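For this one, chain A is given, so just place chain B on it according to the hints.
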Amino acid sequence: MPKQTLPSGALKISGQITFDLVPFNTSTNGLNYSAITPTSARGVTVEAVDAAGALLSCGVTDSNGEYEVSVAPNTDVRIRARAEMVSDSVPSWEVKVLDNTSSSALYAITGGIASSGSTDSTRNLNAVSGWGGSGYTSTRAAAPFAILDPIYDAIQKIVAVDPNVVLPTADFNWSTRNRAANGNRANGDIATSSYVGNGQLFILGNANQDTDEYDRHVVTHEWGHYFEDQLSRSDSMGGPHLTDERLDPRIAMGEGFGNAIAGIVMDDPFYRDSSGNQQSAGFAINVETNNPTGWYDEATVQSVIYDLYDINNDGNDNITLGFGPIYETLTATDYKQQPLFTTIYSFLAELKSQQPSSAALIETMAAARGINSTSADGVGETNSGSITSSLPVYKQVAVNGGAVQVCSVNDNGVFNKLGNRAFLAFTAASAGAHTLTMTRSSGASSRDPDFILYKNGTVIRRAESAAGESDTATLNLTAGAHVIDAYDFFNLGLGSSASGDSCYNFTVTR
Amino acid sequence: MLTKMTTTALMAVLLSGAGACTANSADTSAQKTDEVSNYTKPGAAVTYSHNLKSELKAGEMTNFNLNLNEYYGEGLLIVNLSTEGDLTLYPSSMQKRFEMVDEISHDMDVSFTPNSNGRFYINVQAVATSPSGQMRPLIFSIPVQVGPEVALKPNPLMKTLPNGEKIIEMQAQEEIK
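Respectively, the protein sequence lines represent chains A and B.
Each step along the first sequence adds one to the number in the working numbering, with nothing skipped, and position 225 is 225.
Whatever position you read off the second sequence (first residue = 1), add 1000 for the working numbering.
It is worth saying that the hints were derived from the structure and are not from the lab.
Keep in mind that a hint or two might mislead.
Said to hold, decoys possible - Computed cross-link-like contacts, EDC-like style, restricted to lysine to aspartate or glutamate with a CA-CA straight-line distance of at most 16 Å:
hint	chain 1	residue 1	chain 2	residue 2
1	B	LYS1177	A	GLU66
2	B	LYS1177	A	GLU68
3	B	LYS1096	B	ASP1086
Said to hold, decoys possible - Which bits of chain B does chain A cover? Going by a derived footprint, with three or more residues having C-beta under 8 Å, they are:
hint	stretch
4	1040-1050
5	1053-1064
6	1142-1154
Stated by the list, open to error - Distance windows between CB atoms, simulated:
hint	chain 1	residue 1	chain 2	residue 2	range
7	B	GLN1173	A	PRO356	33 to 43 Å
8	A	ASN372	B	PRO1156	26 to 36 Å
9	B	ASP1107	A	GLY495	27 to 37 Å
10	A	ASP50	B	GLU1175	38 to 48 Å
11	A	GLY380	B	GLN1095	47 to 57 Å
12	B	LYS1153	A	GLY500	39 to 49 Å
13	B	GLN1095	A	GLY495	28 to 38 Å
14	B	GLU1149	A	PRO356	51 to 61 Å
15	B	GLN1173	A	ASN372	31 to 41 Å
16	A	THR122	B	GLN1095	49 to 59 Å
Note that the structure is predicted; figures quoted are calculated from it, not measured.
Glycine included, C-beta positions come from ideal geometry on N, C-alpha and C.
Next up, chain A with everything else stripped away, as it sits in the complex (with noise of 0.2 Å):
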């Protein structure tokens, strides 16, 4: 990122923007105030305004934090540094803080007026942690500077594989006001630090309860979700994810790759959360831990694509690749067109198809982290995961062929749980009107039964009648393949009635 020209005559005021970085105490996870660092605000923008708020001139700063603009002489000015990193062109990306309780506004620190004079000056900004020494007692001006440290990082990370990269907008709204509370956004009620689409992340910024603007796993987490949404695909349905659950292997594939994308970007495989008074608590994940559970847990798929990009090769872990190729795969137009849904077993098919000389590491890595099956739909998968129903992962339907049972299950959980959705596949072999009927075969009564139809992603009908013994579609669809998403909906948790077990035979007519 360079710094701007001075155009000839004016005078130049240099400096550099820091901002308190507040680190780990990696004993307790918990933030550590003793040990706060000015830090290099990288890649913001700084401004020139003069005494009535007009912009003068504008620069941005360089790795090190630092910047020039240019005034003219004996000029009343001060220096502005904006929370956002902002390229025009090619790579070009667009991210800022915003306070989502205030209009979104724009976060910056400022100094003060001060006459250029008559030759070149130096101006440093540090904007301060506010913390006071068992608290926050004044403006917390650090926080969004802190926020864009590592997707400084994450950029950068990007380029370097991709330099033609176009980023699309990113928004981090912060506030001291953002809790985790249900509610309106607008109030700070926004349950946690999340990606919730169209480029917009919210953090959590409430003091002694939960703040996230110095957790850097956490916001490289969430913008790991922005990446996928942008520039890979995700069909994942979000929602609550939990350590040590069982989870839908879409909701798996993409927080797993949350943490590891946190790793490697950080290029520290420690994922740490703080929390509670004084945000002296926390806890940490460590993506290098090679977790063996399997294709539906997201630490299952943090180990492996972390190990796939790091250079510390240990136990089943044979094999650096580095970013890039984990970054092709993802942005792949095999990938992000796929007719299957965005799993592990896509996301190492992908990965094999571009890096045929690795496969076998590869799968022999995999397989020892309970993803047993090769291919990207999961056919041979052995792990059920104790539940019997998610095998085969892709329930093959032939048209016009015999009923195929999936069931729904609440045993792991509702809404993105392994067992709550199952998978179905088939091909129309020539476009046409299809019918597609969900039937309860057994189990629990009195349930919803409920489909969404995609074709390579996208989806394509929304079978959601009300409760009943079936449901069906009927439609005309285009040659090629076709997956289905089948649950119960009295299984997402979604409305009051009792989730429960129950299986169904689903056929495909023309």
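Relative to the frame of chain A, chain B by itself:
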């Protein structure tokens, strides 16, 4: 079968039955229920629900049940409650400890009195600790709205620039040389 679909979606079904719809166009009809689409950070394998009523009066003591579901086979779940805003909690700070053995559902009876109108919070910190000492927290707040909702005041440092952009200018530590 009666459907919950929108009129638009229902028409699409009828048209497709007549063979008149566009083949394989993306379905843009409303979803049955807005599914959660937030991609959230990891946490403890604990979920919660409560039955706090929505209409509350200042000075009136209120009771509700807080239910915590955990998906651990062993360990200890320690739950701490505190308040933020003009609420009186009984007792003023509350801690419950639950053995995480077979029962995955734990209930807490919570009593409080809002002392004035406003939006307040009951903060909950639930920490699941494994026998090996590994801790996973779930942190959340239960909003307590008393009286009519009032919009938050914007950040006092917010100003509008000549170009209409809203910006929050925070004073920096500055060194001029």
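Evaluated hints:
no.: 1; hint: B:LYS1177 x A:GLU66; result: holds, 14 Å
no.: 2; hint: B:LYS1177 x A:GLU68; result: holds, 14 Å
no.: 3; hint: B:LYS1096 x B:ASP1086; result: violated, 23 Å
no.: 4; hint: 1040-1050; result: holds (count 8)
no.: 5; hint: 1053-1064; result: violated (count 0)
no.: 6; hint: 1142-1154; result: holds (count 5)
no.: 7; hint: B:GLN1173 x A:PRO356: 33 to 43 Å; result: violated, 55 Å
no.: 8; hint: A:ASN372 x B:PRO1156: 26 to 36 Å; result: violated, 59 Å
no.: 9; hint: B:ASP1107 x A:GLY495: 27 to 37 Å; result: violated, 22 Å
no.: 10; hint: A:ASP50 x B:GLU1175: 38 to 48 Å; result: violated, 21 Å
no.: 11; hint: A:GLY380 x B:GLN1095: 47 to 57 Å; result: holds, 50 Å
no.: 12; hint: B:LYS1153 x A:GLY500: 39 to 49 Å; result: holds, 47 Å
no.: 13; hint: B:GLN1095 x A:GLY495: 28 to 38 Å; result: holds, 33 Å
no.: 14; hint: B:GLU1149 x A:PRO356: 51 to 61 Å; result: holds, 59 Å
no.: 15; hint: B:GLN1173 x A:ASN372: 31 to 41 Å; result: violated, 57 Å
no.: 16; hint: A:THR122 x B:GLN1095: 49 to 59 Å; result: holds, 53 Å
Hints 3, 5, 7, 8, 9, 10, 15 from the list above are not met by this structure, while the remaining hints are.
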